[in-house]
Amino acid sequence: MDEALEWLEQPTLSDPLALIAFEGWNDAGDAASRAVGYVLEATGARLIAVIDHDEFNDHQVSRPYISIDDGGERVIEWPDTRFYVTTAVERPLVLVLGEEPRLRWKRFCQIIVDALNTLSVDNAVTMGAFLGQVPHTLDVPVIGSYDRPTRQTFGLLPSRYEGPTGIIGILNTVLRRAGLEAGSLWAATPHYLQTNANPKATRALLQKVELIGGVQFDLGELDVEVAEWEARVAAAVAGDDELAGYLREMEDLLAGAEADNDDGDGLVEEIERFLRNQ
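Sequential numbering from -15 applies to the sequence shown in the numbering used here.
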């Protein structure tokens, strides 16, 4: 057993689905980490295992957090990755949430594979989010690293991305090579809102998980957040004629790209063209 992984419980699960996200480079607008966090809170998932990040983290880059508890004692919170389990939906879910590690990614990914094997997980969905040339006024584009029939069935855009990747890109490949059925979902978020949490992208990811995983979440609380977020952004845009004009140009550009290609290739090309120019 790996010393970096501490088991609190090893439940026996029937056909579990793993949902995996990490804070950091893979997580524009906190969309992916919030997706897993939302399910965790909404279903009352229980903590079953923890990966200690001491050997995977650069503490001068991602520093531990110190706080004072109710008794006046100082408490140090170290970066880690946590495994949770919930059986409150149609199939058991293993939720994996943590901070993107900065060191020893190969070993880190193998620990996750071993943990999922211990829990009899054969199916995993990794989630991420990126900044792109997409307006907040349109539906959130969700790109999926699945085969063409699966993408078409679940309304996912294709991915042809080549370039620097994060832990999600590495882990998804490692999971597949280990024999798991694994795919990635990536939400595109507006680059002009990069400092804001994006509940609309979070909801888009969870709606795709519902379709792919055959589960259903209560997204009512998230719907309220999305409505409030859209109202705040609309008010900000209304006071900025230059931004409003830019949004109209993006809407027209992406609408034309989508119309030119039913499979979404045109839309993806516009997003990726923007990314390459950054």
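Rather than coming from a laboratory, the hints here were simulated on the basis of the structure. All figures in this text were calculated on a predicted structure; none of them were measured in a lab. Worth double-checking, as some hints may not be accurate.
[Claimed, not checked] Calculated cross-link-like contacts (lysine to aspartate or glutamate; reagent style DMTMM-like; alpha-carbon spacing at most 20 Å): (1) Lys90 - Asp42; (2) Lys90 - Glu7; (3) Lys90 - Asp131; (4) Lys90 - Asp(-14); (5) Lys90 - Glu39; (6) Lys90 - Asp64; (7) Lys90 - Asp36; (8) Lys90 - Glu(-13).
Hints and how they fare:
For the given pair, lysine 90 sits about 16 Å from aspartate 42 by alpha-carbon distance, which is consistent with the 20 Å threshold. Among the hinted pairs, lysine 90 with glutamate 7 is consistent with the structure: their alpha-carbon atoms are about 18 Å apart, no more than 20 Å. About 25 Å separates the Cα atoms of lysine 90 and aspartate 131, which puts this hinted pair outside 20 Å; it is violated. Distance hint between lysine 90 and aspartate -14 is fulfilled; the C-alpha atoms sit about 14 Å from each other, no more than 20 Å.
Restraint check for lysine 90 and glutamate 39: satisfied, since their Cα atoms lie roughly 12 Å apart, inside the 20 Å limit. Of the supplied pair hints, the one linking lysine 90 and aspartate 64 holds, its CA atoms being roughly 16 Å apart against a limit of 20 Å. About 15 Å separates the Cα atoms of lysine 90 and aspartate 36, which keeps this hinted pair within 20 Å; it holds. Annotation: proposed proximity of lysine 90 to glutamate -13 holds, straight-line Cα distance about 16 Å (limit 20 Å).
Comparing the model with each numbered hint stated earlier shows that hint 3 is the single one that does not hold.
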